[in-house]
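Protein chains: 2
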Amino acid sequence: MIGAGIKRGTAELAVLSILEDGPLHGYEMARRIEEQTKGALRFTLAALYPMLYRMEQRRWIRGSWETSDNGRRRRCYRLTPAGKKKLSPLRQEWSELFQALRRLKKVANA
Amino acid sequence: MIGAGIKRGTAELAVLSILEDGPLHGYEMARRIEEQTKGALRFTLAALYPMLYRMEQRRWIRGSWETSDNGRRRRCYRLTPAGKKKLSPLRQEWSELFQALRRLKKVANA
DNA sequence: TCTGATATATAAGAATATTACATGTAAGGG
DNA sequence: CCCTTACATGTAATATTCTTATATATCAGA
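Which chain is which? The protein sequence lines are A and B, in order.
Under our numbering, think of the first position of the first sequence as 1, with each following residue one higher.
Under our numbering, think of the first position of the second sequence as 1, with each following residue one higher.
Among these hints, one or two may not hold up.
To be verified - Below, a list of computed lysine-lysine pairs in the DSSO-like style, where the Cα atoms sit at most 27 Å apart:
1. B/85 <-> A/38
2. A/38 <-> A/105
3. A/106 <-> B/38
4. B/38 <-> B/86
5. A/85 <-> B/38
6. B/106 <-> A/85
7. A/86 <-> B/105
8. B/105 <-> A/105
9. B/105 <-> A/38
10. B/106 <-> A/38
11. B/84 <-> A/105
12. B/105 <-> B/38
13. B/86 <-> A/105
14. A/86 <-> B/106
15. A/86 <-> B/38
16. B/106 <-> A/105
17. B/84 <-> B/38
18. B/85 <-> A/106
19. A/105 <-> B/85
20. B/105 <-> A/106
21. B/85 <-> A/85
22. A/84 <-> B/106
23. A/106 <-> B/84
24. A/106 <-> B/86
25. A/84 <-> A/38
26. B/86 <-> A/38
27. A/38 <-> A/86
Claimed, not checked - Short derived list, chain A residues pointing at chain B, Cβ under 10 Å:
28. 9
29. 10
30. 17
31. 32
32. 37
33. 39
34. 43
35. 89
36. 96
37. 101
38. 104
Simulated from the structure, these hints should not be mistaken for laboratory data.
These numbers were taken from a predicted model, which means no experiment stands behind them.
Cβ coordinates follow ideal geometry from the N, Cα and C atoms, glycine included.
Generate coordinates for the entire structure from the input sequences, incorporating the hints supplied.
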């Protein structure tokens with residue numbers, strides 16, 4: 001698994017990305033992110049839930065209580081229009097960061 | 001410039017990378033990293049210095065006071081063998097993280 | 001002598017992460 | 001029926017890290 005220090009800041013992008021696929025509740029988000037990144041990205045639920053509240057306060061996502069088929073209550077989050085709008089510039093930033101780090105490496109190896 | 005939340009955790013890799021080129025003091029590190037990443041990565045010095053102490057405590061880098069030609073004292077940091085050893089797995093981790101995030105995006109866009 | 005660049009550092013507060021704690025339901029096996 | 005595993009959400013305490021502001025001091029040039 002990827003170390004703790006590294007994945008700082010990646011969680012928000014991961015959550016927004018996974019929600020682009022459709023509404024999801026926290027537990028399932030974590031499961032899918034772990035699955036789709038082949039275990040590379042895995043956050044503890046204790047880190048996830050507070051993060052979801054923060055993102056909800058910023059109006060990037062919106063949560064609503066739902067009852068699943070098996071009668072379990074769970075909080076289902078969906079992307080808001082604001083969150084959707086946030087997604088491409090956020091990806092752009094990440095992409096720039098990757099390039100920047102690659103440049104550093106290149107120079108160091110030259 | 002890249003947003004604050006994003007660059008979390010990137011600083012250590014950047015510092016180690018830049019020190020691979022040779023010993024440097026903090027101020028110059030910041031300048032070069034900013035230059036070589038074309039302004040994408042830029043950290044405030046107030047964030048840099050405490051980070052250098054942390055990395056020194058972990059024995060990844062070692063600092064020593066030097067006096068430059070113009071008589072100014074400055075703290076010159078160099079990679080330790082341990083820091084050098086840390087560098088490739090750290091890059092590996094980053095690379096995995098990038099791929100993981102790309103996978104998420106791919107799935108979301110599919 | 002004043003300003004801007006160089007150079008390092010700390011303090012206070014905000015944001016975030018980790019670990020541990022706390023609760024409860026459902027499904028399946030023994 | 002009981003136990004365990006998976007599902008599902010949360011809080012509290014603590015630790016770490018980041019930002020903003022402040023402080024110090026030298027040097028070069030106007």
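Numbers of the earlier hints that this structure fails to satisfy, in rising order: 21, 34
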